[in-house]
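Next come the chains, spelled out residue by residue.
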Amino acid sequence: MKKMKVVAALDNSPVARAVLSTAAAIAELLAARVEAVHVREAGPATTAAAVAEAERTALSLSDGPTAGALVAASDGDDVCALVLGMRAAPAGHRPVGPTAGEVITTVGKPVVVVPEHSALPVRVKSVLIPLDGTASTSAAMERTIEWARDAQLDVHLLHVYEAASLPFFDDQSHHEAPAWSREFRQRHSPRTADVHVQVRTGIPGDVVLAVAHELEAGMIALAWLQELLPERARVVQSVLALSSVPVLLVPASSREREPVSAIAAGREAGQ
Amino acid sequence: MAVRIDRRENQQEMLSTADIALPKAVRRRFEAVIFDWDGTAVPDRQSDATDLRQLVEALCQAGMELILVSGTHVGNIDPQLRARPPGPGHLHLCLNRGSEVFQVDEGGVRLACRRTASPEEDAALTRAAQLTVERLGRQGLPAAIVSQRLNRRKIDLIPEPAWADPPKARLAELVAAVEERLHTHGIPSLAEVVAIASEAGKEAGLRDPRVSSDAKHVEIGLTDKSDSARWALNELWKRGIGAGQVLIAGDEMGPLGGVPGSDSRLLVPDSARATAVSVGVEPGGVPPSVILVPGGPRAFLALLEDQLRRRLEHELPLVDRSPSWLLPVSGFDPQLERVHESLLTLADGKIGTSGAPLVRHPAASPRVLAAGVYAGQGPETELLGCPIWNQLSLPLQEGDRLERQLDLHTGILWQDLENQGRRLTAVGFSSLARPGSAVLRVEGLPPDVIPERLLPPTEDAGAIEVGEIDGQSWVRAVDGDHGVVAAAGDRRYQIGASSRYDRLAAYSADPSGLPAPQSAAEALDEIDRAGFERLLTEQRGAWADRWEAAGVHIAGERDLNLPIRFALFHLMASVGSTGEAAVGARGLTGPAYRGHVFWDSDVFVLPFLAATHPAAARAMLEYRIRRLPAAIARARAEGRKGARFPWESATTGEEVSPTEARDRAGRLLAVRTGLLEEHVVADVAWAAATYADWTGDEAFVRGPGGALLVETARYWASRILIGSDGRGHIPGVIGPDEYHDAVDDNAFTNVMARWNLKRAAAAVAAGTPGASPAEAQQWLQLAATISDGFDTSTHLYEQFSGFFTLEPLIIRDVAPRRPVAADLLLGRERVQRAQVLKQADVLMLHHMVPEEVVPGSLTPNLQFYEPRTAHGSSLSPGIHAALFARAGMLDDALQALHLTARIDLDDLTGTTAGGLHLGSMGSLWQALAFGFAGLRPSADLLCVDPRLPEQWEALTINVRFHGARVRIEIRPDQLLLQADSPLRVGVSAAPAVTVGPAGLVLRRDNGGWEEKL
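These protein sequence lines map, in sequence, to chains A and B. Just so we're aligned, residue 506 is where the first sequence starts under the numbering used here, counting upward by one. Just so we're aligned, residue 15 is where the second sequence starts under the numbering used here, counting upward by one.
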C-alpha cells in the first residue's frame, strides 16, 4: 500500500521551520512521510531550502502562482494533509495572508495552518476539537477524532455556549452535567468514547484559545465551510489570528440538521 | 417454554366458503368485528347458525371482540346463535335497534344496558306511528302498525301474504313491489314514506325521531343502529381498540328505494377509520367507503374464518393509526437515537424498556431498568441495568429503513424494518396488566437467524448470572445482595412463506434481596399459559382503563393533545400500583439522575396519580413510609426530632446527594442541596395530604400517612428557632430557587413548615395517633410565630431574608431568551448576588398551598417574581402556566404550557437521551388541572374554578375524587360535570352542588355559574 504523505509548504519566511516541524509531527502520528514543497513564485528557495536541508528533508520545487501550485501539490490521493504557514501581515485585518487564504478555502482536505511563533520543535500530544453541536461539524470531525485517538492523543471536545445558545434548563447541575456530556460524546464522537468533553460559556473564538492554553493543547482542530468572508467563520478567523499552536482546518459540508421526527408528528397531530 | 417450530399449514378446517374471494382491503388482521345479524351473519332467523357459533366462540377465545347488531330482540338472536364464548375476547349483542346491549359469555346472556322510553316518549311513538298510518291512508295506501317493540313502532307497507316474510335474497324484488305499490297510490318513493314518518314523529313530540326502512317496513324509534355503532365503538375504545382496527359488516349499506340502507347507520362519524363491508345484494350499490363482498352470510363466514386463521397463525396485530394517539419516529438518526429511545420507552410501573430498535446498532442504547432496584452506594447509587428482552442479534445496516410507532392508548410499540432486503415487523409491550411481563412478536425473522441470547445484559451491567430451569433460560443482574432476575422463552412458527417469532419474558425484581430464578420462571410459565392474545387483550384493556380515568382533551387546539397524552402516558407507565414505588427524576425512561428520588416525585408527579390512579400515588407514599426510620435516624443524628427526608433518595432512604461535583466546565464545586434543601420534608407531608384529599383515604391518615405528617411536623418543631423578635425562623436553607443557598427564612420553606405543622395538628385532632393533643397544640402555637416575609404594604413575600436588598436584575430583560440557565449565563456568583430565580419559590406556595398565603397576593407576587425568574429548571414553566392561569393571564399561561409540553419532544434540555423529565410532565397536568380547570380537592368537596383561553373550544379532564370517577368538561359558557357516584362539587364561588351519573350542566352567568334547567 502506498504510504500516505503530509505536504509541507515551505516559503522563505520565518514560519518555514515551524511548518516543517509541524508536518513532521503530524506525519509521525499518521505513520506518513513528509514531502516538502516550495513554489518559486517570488524568487529562489533560500530559507525554504535551508530549513529542509537542516531537517534532512527533500524539497520539491515548483513554479507559481503559489496558491495554485500548493492546491495542485495537495491533490494526490496519497496526500492526507497540507501544512502551511499563516503569513498574515502583522497589522492586517486578515488572519492569514492572501496565499494561505486562497489555499485553505480551496483545498478539499485537512490543512494545518502554523503560526509563526510556534514553539519548536512542534510536539502534538493533545488536540482541542471545538464542536458547535451541529451534525455537519460532527460529521466533518468524526475521522479526525478517530485519527487522534488512534494516534494516542488526548482528545478534548469543546462546546462553547454563547448567550443565545445556552441550555434552557440546568435542573441539578451535578446530574445534568454528566448526562449532557455523555450524550454529547455519543452524538459527536460515536465511535470514540475515550475523549474528554469540555464545556464553557463565552465568545467561542476567545474561549477556544483560552481553553487551548489552559489544557496546553498541541493543536486546535476546527471544522469549517471554507468561507473566509468577514461575517463567516468567525471562530476560525479568531483562532487563526491568535493561536499559538497549529490549527487543523477540516472542510465540512453545509448539511442541515433534520428535526426530531417525533416533534413534527406531535405538531401535526392535533385533535 | 422451550423453543419449538410449529409448522401450521392449512390445519384450520375450512368451512364451505372456500369459493369466496376476499378483497385485499380485508385480508388483514382486525381486532374487532361489528356485524349485522339478519342477512349478514345468517340468511334468516330460522337458519342453522352452528358454523357461525363455532367461529364466534373460537374468535373470542383467540382474543377478538365481536359485536352483533340487530333490530330484533334477544329472544330471536340468542336461541339461534347460542354462543357462549369463553374469552378473552368478548361478544356483545346490540339489539332492539340500538336500545339494548347484552354481554354474552360462558355464564350466559346478561343485559348490559338498556334505553327505556319515558311514558311521554312511548305515547309520542304511538302517536307518530298512528299519524304515519293516517297520512299514508289518506293517499289510499293501506298500512298497519304491526308491532310495538321497545322504543319503536313498526309499520308494514306491504301487508300481503306473498310478502309476509321475504328472504333477503329477494330484496330487489321486494323493493320493486313496494315501490310499485307506493306509485299506485301516488307516493313517489320509499324516501317519501320515511319523510312522512319523520315529520309525524316530530309532530308527535319526538325530539330526534329515528326512522328507517327495510323496504317492507318503516320504523319510527327513539334509537337506531347508529346508537349501537356508537356504543360499540366506544366500548371497543374502552378495551383499547380504535376504529382503524374494526371491521363493520352489513348487508344493507347501500340505498333501498332512495332510503339509506339500514346497515348504513352503522357508519357513524367515529367509524370513519374502520373498514366497512357489505355482503348483501345491494341493488342500489354501496357508498364509496364500503367494500362489496358478495355472497351473503357465506361471505361473512369467510371473513370470520380468515380472521380466525390469522390469529391461529400468529399474525401480528396492527396498531390503530390514530394520529392523535401515535408517536411516530421515522428513520434512524444516530445522533438523536437515544432521544427517540427515551420517547418510545415502554414501561409497566415495574420495568422500563427503552424504545431501541429490534436490531442492533452502535448508536442504539437498548436498556431495561427496574423500579427501585439500584446498584452502588451513596451518591454513586444508580439504577441497576437489567437483562434486555426486546433485541434480536441482527445488525441495523446502512440503507435499512426503520419506522417505529408508539401507540400511547395501549402502550404497544410497533416496529417496521427493511433490513438487507427483508422486511421485519414487530410489536412489543410491557404488560401493564401483569407488571414485569414483556411480550414481543416478530414477523419475517429469517429461518436461518437463530436468536442467540434471549436476555442479553445491558451494556454497562455489573455482575450477571445465567442459568436454565426446565429448559427456560434466566439471567440475573446482581448488585451485592439484591438484583433482578428475568426468564425468557421463545417460539417460532413457519406458516407457509411467513416466519413468525414470539418471545415472552418475565422479570422478578427485589430492591432488598436476591430474587430466585424460580420466581421469574414461574411468572414466565404463567404468561406462557395465558398466551399472546390474552396478554394483548389485557394490555389494551389495562391501558384503556387508565386513560378512562385520566384522560385530558382540549378541543380546538392543534398542538397540545398529543404532547399531553405523551406526558400522561409516561407518568402512568413509570409508577407501579403495588408495594412501594421509587420514582426517580426520569422514572423508568432512562438512567440519568441515577434513578434518585427528588421532590419531583412528591410534588410534581404524585398529584396526577392521586387524582387519577390512587393506588400508584399510594405506592409512591409507601416508598417514603418505608424510609421513615431512615429519616428519623437522620434527624436524630443532626440533633433534631421527627424525620428529615433526604433531598436525593435511593435504596435506603439515606441522603445520596453528593457534597461536591464537577460542573459542565469540569470545575469542582460544592453541592449543598443534600445539606440544606430541607423543604423536601414538608413536600413529603404535602404529598401525603394531597393523596388523602383526593382519595378520602381515612385509614391512611390514621395510619402510615399520619405518621408522615406527625414526624415531619415534629422535625419542623425542632428546627424552628424562636428569635429575639419572638418570631419563628429557619436559618440556612436552600429553597426551590437553588441559585441562592444558605439563606435564612426562605418564604417557601417557612410557609411549608407552617402548613406542615397545622396539617399535622389537624390530623391529630381528627384522631391520627402518634402525637398528643398537647404536642399538636404546641405545633399550632409555633406555626403562628413563623416568619413568612410578607409585606402588608406591597403584598409581596420576600423570598428570603435580604432578598430585596440584592441587585435588582430583571432576567427577562437581560437574557437573550427565557428559559435560560442563568447561572451559566451570568455565572454562579453573580446570580447569588442578584434577584434572579431559577424557578418558582414564593410562587410555589401559591401553587401548592394557596390557602396558606394571603388572599389576593398571587398577582402582585407573580408580577414581581416572574420577570426575575430564568425558568432554568424544567419544573418551572409548567408551574408558571398554572399560576398565570389562576391569575387570569391566559396568554402567558398558554405560552408556558406550550413550552412545558415540548420539553422532551424537542429535547430542550439536551438530556432527554438520559430519560424523560417526569416532573415537568407532572407539571403539565397540574397546569391543566389546577391552573386552567381550577381543580382543588378538599376534605369533602371537589372545587372547580375554570379559566378557559378563548382559543380553546373545550377542556375535558377526567379525575377520581373520593372513589368517584369524575368528568369535567369546560366550555366558554358552559360547564358539564358528571360523576359515577354522587359527590359535592364547588364551582367557583357558587354554593356547592351535587353531581351524579346523570351529570349536571352549569351555564356561565354574570361571571358565575348557574345550573342549567
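Honestly, the hints are just simulated from the structure, not real lab data. Owing to the predicted nature of the structure, the values given are computational and were not obtained by experimental measurement. Where hints are given, some of them may not hold.
As the list claims (entries may be wrong) - With the Cβ distance kept under 10 Å, some of the chain A side facing chain B (calculated, not the full set):
hint : residue
1    : A559
2    : T562
3    : S643
4    : H664
5    : S670
6    : L671
7    : Q677
8    : H680
9    : A684
10   : F689
11   : Q691
12   : W729
13   : L733
Every residue, glycine too, gets a C-beta built ideally from N, C-alpha and C.
Practice item. Report holds or violated for the interface hint on Q677/A, using the least CB-CB distance to chain B and a cut-off of 10 Å. Key: This hint holds: Q677/A lies near chain B, its Cβ roughly 7 Å from the closest one there, short of 10 Å.
Check your understanding: Taking the least C-beta to C-beta distance, is L671/A closer than 10 Å to chain B?
Key -> Holds. Min distance 5 Å.
Review point. Measuring from the C-beta of A559/A to each C-beta in chain B, is the shortest one below 10 Å?
Key: violated, 41 Å
Check your understanding: Taking 10 Å as the limit, does the beta-carbon of H664/A come near enough to a beta-carbon in chain B?
Key -> The hint holds - H664/A has a Cβ within 10 Å of chain B, the shortest such distance being about 9 Å.
Practice item. Have a go at the H680/A hint: is there a Cβ in chain B nearer than 10 Å to its own Cβ? Key: holds, 5 Å
Practice item. Grab the minimum C-beta distance from S643/A to chain B and call the hint holds if it beats 10 Å, violated otherwise. Key: holds, 7 Å
Practice item. Tell me if T562/A is really an interface residue toward chain B, meaning its C-beta lies closer than 10 Å to one of theirs. Key: Constraint on T562/A not satisfied, violated at 40 Å.
Check your understanding: Holds or violated: is the Cβ of W729/A closer than 10 Å to a Cβ in chain B?
Key -> violated, 20 Å
Practice item. Mind checking the CB of Q691/A against every CB in chain B and telling me if the closest is under 10 Å? Key: Holds, because the Cβ-Cβ distance from Q691/A to chain B comes to roughly 7 Å (cut-off 10 Å).
Point to revise | Interface hint status, A684/A versus chain B (Cβ within 10 Å) | key: holds, 4 Å
Point to revise | Proposed interface contact between F689/A and chain B, which counts if any beta carbon pair is under 10 Å | key: This hint holds: F689/A lies near chain B, its Cβ roughly 8 Å from the closest one there, short of 10 Å.
Check your understanding: Does the nearest C-beta of chain B fall within a distance shorter than 10 Å of the C-beta of S670/A?
Key -> holds, 9 Å
Hint violations for this structure: numbers 1, 2, 12 and 13, all remaining hints satisfied.
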